Amino acid sequence: MALIKTTYNRRSFLKSSAIAGGGMMLGFSWFASCKPIDDNTELLMPDEWFDFNSYLKIGDNGLITIFSPNPEFGQNVKTSMPMILAEELDVDWKNVLVEQAPYSPEQFPGAPFGQFTGGSRGIMMKWKPLRIAGASAKQMLKAAAAQTWQVAVDEITTESGVLHHEASKKSIGYGEMASLAAQMAIPEEVKLKEPKDYKIIGHSKKNVDGLAIVTGKPLFGLDYQKEGMLIAMAVHPPAFGMTLEAINNTEEIKAMPGIKDVFPIKTYKDAYKKGYFDTNAFPEIIAVVGNSTWEVLKAKKAVKAKWKSIEGSTNTIDRFGRDISVHTPAGLENTTDHNTQMETLMAKPMKVVRRDGDPEGAFKKAAKIIERTYSAPYLAHNCMEPMNFFADVKKDKAHVAGPLQGPGLIEPTLAASLDIPEENIETEMTRMGGGFGRRAYSHYMVEAALISQKVNAPIKLMYTREDDMTNGIYRPTYRAIYRAALDESNNLLALHVKAGGVPESPLFANRFPAGSVDNYLAEEFAIDSNITTGAFRAPRSNFMAGAEQSFLDEIAEETGKDPIEFRLELLKRAKENPVGKENDYDPERYAGVLELVREKSNWGQNDANLHRGVSAYFCHNSYAAHVLDLTIEKGKPVVQKVTCAIDCGIVINPDAAANMAEGGIVDGIGNAFYGEMTFKDGVPQKNNFHQYRMIRMSEAPKKIDVHFVQNEIDPTGLGEPPFPPIFAAVANAMYKASGKRQYHQPFIREEKILG
Amino acid sequence: MAKFNLNVNGKNFQLDIAAQTPLLWVLRDHLKLVGTKYGCGIAQCGACTIHLDGVAMRSCSLPVEAVGDKAITTIEGLSEKGEHSIQRAWLEHDVPQCGYCQAGQIMTAAALLKDNPNPSDSDIDQAMNGNICRCGTYTRIKAAIKSAAKMEK
Ligand code: FES
Ligand code: FES
Numbered sequence: 001m002a003l004i005k006t007t008y009n010r011r012s013f014l015k016s017s018a019i020a021g022g023g024m025m026l027g028f029s030w031f032a033s034c035k036p037i038d039d040n041t042e043l044l045m046p047d048e049w050f051d052f053n054s055y056l057k058i059g060d061n062g063l064i065t066i067f068s069p070n071p072e073f074g075q076n077v078k079t080s081m082p083m084i085l086a087e088e089l090d091v092d093w094k095n096v097l098v099e100q101a102p103y104s105p106e107q108f109p110g111a112p113f114g115q116f117t118g119g120s121r122g123i124m125m126k127w128k129p130l131r132i133a134g135a136s137a138k139q140m141l142k143a144a145a146a147q148t149w150q151v152a153v154d155e156i157t158t159e160s161g162v163l164h165h166e167a168s169k170k171s172i173g174y175g176e177m178a179s180l181a182a183q184m185a186i187p188e189e190v191k192l193k194e195p196k197d198y199k200i201i202g203h204s205k206k207n208v209d210g211l212a213i214v215t216g217k218p219l220f221g222l223d224y225q226k227e228g229m230l231i232a233m234a235v236h237p238p239a240f241g242m243t244l245e246a247i248n249n250t251e252e253i254k255a256m257p258g259i260k261d262v263f264p265i266k267t268y269k270d271a272y273k274k275g276y277f278d279t280n281a282f283p284e285i286i287a288v289v290g291n292s293t294w295e296v297l298k299a300k301k302a303v304k305a306k307w308k309s310i311e312g313s314t315n316t317i318d319r320f321g322r323d324i325s326v327h328t329p330a331g332l333e334n335t336t337d338h339n340t341q342m343e344t345l346m347a348k349p350m351k352v353v354r355r356d357g358d359p360e361g362a363f364k365k366a367a368k369i370i371e372r373t374y375s376a377p378y379l380a381h382n383c384m385e386p387m388n389f390f391a392d393v394k395k396d397k398a399h400v401a402g403p404l405q406g407p408g409l410i411e412p413t414l415a416a417s418l419d420i421p422e423e424n425i426e427t428e429m430t431r432m433g434g435g436f437g438r439r440a441y442s443h444y445m446v447e448a449a450l451i452s453q454k455v456n457a458p459i460k461l462m463y464t465r466e467d468d469m470t471n472g473i474y475r476p477t478y479r480a481i482y483r484a485a486l487d488e489s490n491n492l493l494a495l496h497v498k499a500g501g502v503p504e505s506p507l508f509a510n511r512f513p514a515g516s517v518d519n520y521l522a523e524e525f526a527i528d529s530n531i532t533t534g535a536f537r538a539p540r541s542n543f544m545a546g547a548e549q550s551f552l553d554e555i556a557e558e559t560g561k562d563p564i565e566f567r568l569e570l571l572k573r574a575k576e577n578p579v580g581k582e583n584d585y586d587p588e589r590y591a592g593v594l595e596l597v598r599e600k601s602n603w604g605q606n607d608a609n610l611h612r613g614v615s616a617y618f619c620h621n622s623y624a625a626h627v628l629d630l631t632i633e634k635g636k637p638v639v640q641k642v643t644c645a646i647d648c649g650i651v652i653n654p655d656a657a658a659n660m661a662e663g664g665i666v667d668g669i670g671n672a673f674y675g676e677m678t679f680k681d682g683v684p685q686k687n688n689f690h691q692y693r694m695i696r697m698s699e700a701p702k703k704i705d706v707h708f709v710q711n712e713i714d715p716t717g718l719g720e721p722p723f724p725p726i727f728a729a730v731a732n733a734m735y736k737a738s739g740k741r742q743y744h745q746p747f748i749r750e751e752k753i754l755g
Numbered sequence: 001m002a003k004f005n006l007n008v009n010g011k012n013f014q015l016d017i018a019a020q021t022p023l024l025w026v027l028r029d030h031l032k033l034v035g036t037k038y039g040c041g042i043a044q045c046g047a048c049t050i051h052l053d054g055v056a057m058r059s060c061s062l063p064v065e066a067v068g069d070k071a072i073t074t075i076e077g078l079s080e081k082g083e084h085s086i087q088r089a090w091l092e093h094d095v096p097q098c099g100y101c102q103a104g105q106i107m108t109a110a111a112l113l114k115d116n117p118n119p120s121d122s123d124i125d126q127a128m129n130g131n132i133c134r135c136g137t138y139t140r141i142k143a144a145i146k147s148a149a150k151m152e153k
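Residue numbers (the numbering used here), protein chains in the order written: chain B, 1 to 755; chain H, 1 to 153.
A couple of the hints might just be wrong.
Some, not all, of what chain B presents toward chain H, calculated at C-beta under 10 Å [as the list claims (entries may be wrong)]:
| no. | residue |
| --- | --- |
| 1 | A167 |
| 2 | S168 |
| 3 | I172 |
| 4 | G173 |
| 5 | K217 |
| 6 | N291 |
| 7 | W294 |
| 8 | L297 |
| 9 | K397 |
| 10 | H399 |
| 11 | R431 |
| 12 | T464 |
| 13 | I665 |
| 14 | S698 |
| 15 | E699 |
No lab work stands behind these hints, which were simulated from the structure alone.
Every value quoted in this text rests on a predicted model; they were computed, and no experiment measured them.
Glycine included, C-beta positions come from ideal geometry on N, C-alpha and C.
With the sequences and hints as input, model every part of the structure.
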């Protein structure tokens with residue numbers, strides 16, 4: 001057992017807190033506890049709950065309530081985080097209830113990321129605090145039993161919610177000991193279990209919200225109801241690069257049935273210094289408020305307004321304590337212009353971010369140079385639940401509820417915009433109908449609150465699908481050129497990558513294959529834009545992996561090597577004799593997923609009708625490799641199977657982890673095939689699913705096999721890592737099928753014939 | 001405004017409402033049955049799927065005046081406690097990720113099995129292609145539909 005100091009998490013151990021006391025248990029019946037659904041023997045609700053810490057209370061009958069700190073958007077933390085705590089507490093999972101904790105920086109410190117869902121960091125960041133919370137409570141229960149029975153505390157053992165004293169043959173349930181235990185001193189240090197002793201971690205548990213989901217219980221922000229609540233919608237400018245000048249028909253709109261008001265709102269106070277996640281192209285919008293969704297929708301469509309061009313500006317943004325300067329140009333931008341600009345910049349000198357050896361010299365003496373260009377378009381997140389938020393703002397306090405990934409990121413902005421201190425704002429986090437990065441930018445929450453403040457009533461702001469798709473914080477558009485220098489015997493002498501995008505470069509200077517090649521050069525550029533962009537499942541990696549892993553496939557072929565073998569040789573070099581010191585990946589774990597996927601996919605046993613592509617990538621501290629099997633049916637690619645190997649350390653909830661990996665794979669195939677947003681004169685060219693093609697059931701792989709590397713390394717990210725490498729697995733398999741390399745996403749623009 | 005009598009999940013409701021109001025918003029706003037979801041509003045995503053006399057329909061594109069005296073079933077009425085074979089299969093396969101699309105998926109799947117108790121893979125593809133799952137749970141949905149078909153045997 002590992003001894004661990006609890007002081008790390010001291011601040012979160014506020015006893016008798018509002019949350020742990022159940023005091024703010026949420027006037028929303030469905031927020032009430034969810035029973036794990038794989039259990040039939042239900043304990044009745046206890047008469048009394050005892051608070052142990054921010055994460056946990058124990059009922060007098062042994063029922064446990066665990067508060068899941070981070071918001072849930074489908075990655076299943078609401079199940080897996082409580083599992084971690086329950087493991088150390090040593091309780092029976094069937095006696096655990098789970099509740100979503102509200103936003104509370106005091107109880108879940110680490111602002112602004114204390115309760116952040118994104119960056120595949122949830123489990124990684126909460127791994128230690130959750131185990132400490134469980135182990136501390138267990139220690140307090142033991143101390144209480146020791147005191148009651150007048151024995152030494154280390155003679156007490158626990159098993160599934162029961163305390164035992166072997167010598168005296170005494171036993172007592174956690175529930176009976178909870179009252180006294182809750183008053184015990186919080187231990188200074190606790191013992192944590194060894195992975196080999198885990199009974200819950202590593203053993204699949206069903207989604208705690210599963211039953212509520214399949215029976216249609218209100219779980220999502222859009223489902224939020226409150227007595228007297230009005231419906232609000234927003235009209236934003238028709239194009240990026242434009243802003244509101246005036247509403248033309250206020251009286252006409254107000255006279256429409258069910259409409260209360262129409263007015264402009266300004267999301268930020270003048271001179272407010274925005275934070276890094278205050279991305280928002282349209283800080284002034286028109287709000288329409290009324291009684292029902294349909295009435296407001298009709299009024300919204302009838303709004304006539306005058307729009308004007310924005311002026312170019314340079315703003316200082318607070319990037320977590322460091323000021324950065326961001327330039328927003330004026331003008332109405334076009335995808336075709338972006339592409340030309342990127343091509344032009346590719347030919348010019350750019351910023352060197354890494355140089356090893358003498359790349360220029362190596363290219364000069366190369367027998368063969370291979371150069372390929374890759375590109376990818378903007379992507380819209382298209383979360384299934386459009387952006388929305390409930391807000392009830394009173395004179396000096398506010399209550400908001402809805403879907404967001406980073407409450408700590410937006411709370412300061414909300415407080416400033418409302419002019420209400422953060423302590424007087426109560427924020428509930430609803431289950432999110434998807435996030436994918438989009439809901440880290442929660443301007444819609446501030447908009448909702450300002451609308452409520454203006455009409456002095458509770459409101460729910462809802463974006464239509466069209467609003468959601470055309471007021472995006474898109475995945476940027478990117479371009480990269482890869483060059484390889486080979487000698488006469490096809491040895492790789494040098495690699496050169498140039499990459500850029502609008503408005504950011506996708507490059508990671510120190511990622512593989514840097515470190516595995518003697519002569520290496522990486523350069524980048526970025527182009528300013530007024531089209532808002534932000535995090536999208538595995539930012540930057542989601543492009544670079546596709547380009548890099550497609551290129552490596554081509555080099556392997558050129559040098560006559562098996563694509564997995566070729567990668568393993570590079571990784572062997574990176575392990576045994578790495579070039580440079582800054583390489584950010586572990587070549588052994590990287591090779592591990594390639595070896596596992598090679599074994600599990602029966603790589604090498606090739607079938608003439610099956611076209612196979614391989615790809616691997618490291619991001620968010622985890623490693624993923626895929627083998628994708630494709631057939632051509634009626635001229636169209638059909639993904640028969642994806643075999644996937646992942647190393648993300650200890651896997652908390654294996655079946656749910658597999659589900660998320662499957663999701664990442666399907667999402668990646670969908671975006672590789674079809675994902676694309678374009679702009680014409682600042683106007684997004686797609687506004688709903690009749691234009692924006694999403695992957696559907698018949699296009700999804702027929703089978704997905706997910707395998708995890710078994711180890712005892714602390715858990716790392718999983719929501720993002722399986723996503724980036726799938727793009728190249730698709731491209732490489734399509735090449736095998738058609739003899740044509742895929743360089744530009746999306747790979748299927750129309751129903752073009754393959755094979 | 002016009003008066004309508006609706007039969008939803010076996011209960012009768014009287015409403016005075018604009019005749020063009022899509023059934024989706026009648027269910028969500030007026031009857032507070034929020035299990036039926038909004039995803040696109042133009043019959044492209046399937047999130048709003050309900051049954052009209054047992055037939056799967058997109059409620060976002062169905063004006064309330066077109067319902068007539070047909071019986072409406074929503075996810076809340078499929079079975080009260082999640083005992084429908086489709087719901088049980090969904091739980092067995094732990095299908096949902098975010099869960100937002102799942103009410104629509106379940107309603108489409110339930111209608112499919114009613115018409116075709118033993119669907120092939122391509123029957124399932126065809127029936128389910130109108131339901132988008134942004135999280136990509138398609139392989140589990142298909143497996144769950146097959147399990148549900150077995151349960152019914
Ligand atoms: S909301 Fe009806 S099909 Fe999308
Ligand atoms: S589970 Fe998230 S959209 Fe289907």
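Check your understanding: Which earlier hints can't be squared with this structure?
Key -> 1, 2, 3, 4, 9 and 10
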